[in-house]
Amino acid sequence: MSDELAAATYGLSMHYGRETALDGVDLRVPEGAVYLLLGANGAGKSTTMKVLLNLERPDAGSAEVFGLDTASQGPEVRAQVGYLPESHAHDYAWMTCRRLLQHVALHYPAWDHAYAAHLVDVFGVRVERKVGTLSKGESRRLQFVLALAHRPPLLLLDEPTDGLDPMVRNRTLAQLAEHLADTPTTVIVATHHVHEVESLADHVGVLRDGRLVAQMTRDELRATVRRYRVEVPDGWQMPPDVRVASARRPRAGREAQWTLIGEPDAVTARLTAAGASVSEVTPLALEEAALAFMSEEGAA
Amino acid sequence: MLVNLDPNDGRSLYLQIMDEVRRAIVVGTLQAEDPLPSVRELAGELVVNPRTVSQAYQELEREGVIYVRRGQGTFVSPAVKRGAGERRRKLTREVAKRALLDARRNGLDAEELVTMIRKLAAEEGETE
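Sequences listed follow chains S and W, in order. Going by our numbering, the first residue of the first sequence is number 206, and it counts up by one from there. Going by our numbering, the first residue of the second sequence is number 4, and it counts up by one from there.
Please keep in mind that the hints were generated in silico from the structure rather than gathered at the bench. Each residue gets a CB set at the ideal place from its N, CA and C atoms; glycine is no exception. Check the hints yourself; a few may be wrong.
[To be verified] If you anchor each label on the Cβ, the simulated ranges turn out as follows:
#, chain 1, residue 1, chain 2, residue 2, range
1, S, Leu273, W, Gln61, 31 to 37 Å
2, W, Glu114, S, Asn375, 43 to 49 Å
3, W, Ala124, S, Glu209, 53 to 59 Å
Working from the sequences, and respecting the hints, build out all of it.
Take a look at the structure:
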């Protein structure tokens, strides 16, 4: 894997009035990664993408795409990026899909007409229809064609599966996987439908209230967040230096279950030293592990 | 070859793909010199990162389970018959590991589990 970064931000901060949208975000997306950017609604996912495209200006910090400064080289950056916005609305509602495709093609020297025709076919876009009359799902499919047809080295997908019915969703994600096999691409996916896209991901970043609280590879995430089944004596308290994501402690019995963040051997040793007996340590599915950073106690 | 991935399986996806290929060979749905799906095809089918499929194929190639014929694709190794015992053992190991984990979670030990498996197998034998 290349050590080069496809996208990076440095101390990115941004406010909407008194609301904090981003707070010191240091994004690092290696070239070739499929990077899942996760977080609750309003955590800063869409704003981060817009800064990468220079559609939003940060109050502090900077952003780079393939080493290009997004603020001073916006047009050069956007030429390298395929963007699927969160909004389903198109700017040119009065155009037919065919006309819009021709229009967008003019903006991209790298536009691949044969591939565009193939994508139109795969996604079932009816090119004679007016853009403004498309359903939510059809509009999304057209946006996929527009984002992929110039084979950009960076794809920014904001809630890509939103509005797609399950059948179309699977076909779309399969097409995306095939696209990645044919074209060297870095992908950033912002979503809260983690289970729909998680199998594609190899990197994960978690935003919480505008702060990037976790950023690691999929395997690191798997190693860092585990579920612990523990037997504890009456009145036992979790040591304060253990990072607790969530707890299940029944009223009766001595068995409790915690989702804890940290290197498993070290965490187990800490629990044992505190008088608990660890009976089982299990890894979690990606979504559950990522959720741990959104719910970590005392981290907000 | 049918590959199934389990998102709740804690193991890496490439390891799951490797296991599925081994399983297909053990049960005979994949045999020596059979072609495997291309990286692109399998990535599309499973909706996984093509790199994940490549990693699984590279590891399997390193183990001698499959081999690449330049420009033609990936095939099951002809030596696969010779490695059958070894692969069976590896598969058994994985199945046993899962069963043991489940047993421990339920407060049972290995001896209780093995005894009950023997008893159940014997009962099934009687009813057949």
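Structure-based check of all given hints:
{"no.": "1", "hint": "S:Leu273 to W:Gln61: 31 to 37 Å", "in the structure": "33 Å, holds"}
{"no.": "2", "hint": "W:Glu114 to S:Asn375: 43 to 49 Å", "in the structure": "45 Å, holds"}
{"no.": "3", "hint": "W:Ala124 to S:Glu209: 53 to 59 Å", "in the structure": "56 Å, holds"}
Checked against the numbered hints given earlier, this structure breaks none of them.
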